[in-house]
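Student: First to last, the sequence lines map onto chains F and R. Note that our numbering has the first sequence beginning at 1, numbered continuously upward. Note that our numbering has the second sequence beginning at 1, numbered continuously upward.
Read the hints as simulated data drawn from the structure, not as lab findings. The structure presented is a predicted model; accordingly, all values stated were derived computationally and were not measured. All residues carry an ideal CB built from backbone N, CA and C; glycine is no exception. There may be inaccurate statements among the hints.
[Said to hold, decoys possible] Covered stretches of chain R, going by a simulated chain F footprint (3 or more residues, C-beta under 8 Å):
hint: 1; segment: 15-21
hint: 2; segment: 78-91
hint: 3; segment: 155-166
hint: 4; segment: 216-226
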Amino acid sequence: MTDNSKVLVVGEYFRGQVISATSKTVNCASQISSDVDLLILANDPEIANQSRLFDGISKVLTIQDAIFENPLASVMAPVIAAIAKDYDCVLVPSTTFGKDLTPRISALLDVSQLTDIMEVLSPRKFKRPIYAGNAIETLEVNEGQKIIATVRPASFKDVGNSNDAALSLIDLPNVEIPSHTRYKGLESGIQERPDLQVASIVISGGRGVGSSENFDILYQLADKLGASVGASRAAVDAGYVPNDMQVGQTGKIIAPDLYMAFGISGAIQHIAGIKDAGTIVAVNKDPDAPIFEVADIGIVADLFEFIPDLLSQLD
Amino acid sequence: MKKILVCIKRVIDYNVKIRIKSDESGVVTDGVKMSINPFDEIALEEALRLKENGNASEVIIVSVGSDGVQQQLRTGLAMGADRAILIEHNTILEPIQVAKLLHKIVDQEKPDLILMGKQAIDDDASQTGQMLAQMCSYAQGTFVSKITVNGNSLEVVREVDQGLETLEVDLPAIITTDLRLNEPRYVKLPDIMKAKKKPMEIIDPSTLDVDLEPSISVLKVSAPPPRQSGVMLNDASELLAALKEKELLND
């Protein structure tokens, strides 16, 4: 199904390590073509070196320069656009890094962009989610047009690490690098619990939790399971928890392996944020709560009796 | 800072369960409640607060869409925007085309700051702001949850996958707003009455010299595969057994 178009994957890394979303984007690229190059813009040469292991790539292109010390979209975009001129397709992980960067590349090349490829149907035909995954769009990029897209990491598996691809050190293209944006820092790992968007288990509470203090029991359960804690919009609006914990269409859209909803009725906008979860468990007093319609496992129970029981059995 | 331009999109209200047309040509919008894209509403709220704090003198809202968008622009005016611009167009455009149309408005209005939501909750594209920033050669701050004005630059906090990133961006700049930035105000009845008198300019996109032919074809819009129906269990021990069987518990 692949063709011989030339695909460029823009690699993302964090703290000296290429991240899994890059590997997943390489996987997507391999489904489009067998001619895939990976571009690493980094100040640290080791990042390009470790990327040579990814199965499916022909070579790793890298520019080593201090301007790439921090990931600034306005700095990276003109460099990538210059390199992308020789490629038929440019793919970037659909992370906050890729979403920030890719549209600037598209604008520079005057190419219409696709966001969040979730499936490759043919080298020019793709599926992507819209309405927070409540509908799926099938799109075809017109013949002769360059493809620029971000790739939804949750939809692809990592590629293997048994390659020994060539490393090609290239010069910084002669492009104007703007100075209007200055990186000031990153506050990371401030939460004691795993991040909502990467946690494999997420425990969430809704209005049924009743108060800010009552959320403690959810934190206890989360800590026991190594889980992150989220909340419904109702719980946020009621002031039980800050709004960065909100899961849903207007909050965070998450896809953990296990999602456990306590005292959440299951408003449409909440469901939109969790429908990609592997297994959804719902515990609610109300047997008619709509959350039970999407739950893989439902339990009609009072969460204040249920969670202590669960905690004691986990000991 | 004098002028702030806020870009808003009319979308199906976030509380509505969308329905897919039986011919899979799109999503049903007839007779469905429409609203300002929630992230754009946050952008407008931030612009209004910047004006109220003396950091700006005028807030202009702009949208691209059908004449129905006038309703959302009136809501924006009722929230406190000074005037509105509608680029009236009836088919769905690609984000790059919307960015090109907005670029023309930026050229006309020369705002010091452009705000819009980090994405629209219909197409979830998250492209227009960044494209517009590149077209204008402006700095951008995307997914922003805090804005501090420092003379001719802004310090912005961005919600990125790895945590909270801080950037300093020179004005003029484009900021796309995330959920945590603020909580938009409710519109009061007297403001709705006042908004009726505020100016709204309607622009025909054919006067703006932007190619509006699609370069990506939407072949169909379909429903996601349904989840398998679930099971009801009775208590914590049954749940624990089920989760252990599925190997879902961390060691």
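Student: All hints are to be evaluated individually against the structure, with a verdict given for each.
Tutor: Here is what the structure says about each hint:
1. 15-21: holds (count 5)
2. 78-91: violated (count 0)
3. 155-166: With 10 residues in contact (Cβ-Cβ under 8 Å with chain F), the coverage given for the segment 155-166 of chain R holds.
4. 216-226: With 9 residues in contact (Cβ-Cβ under 8 Å with chain F), the coverage given for the segment 216-226 of chain R holds.
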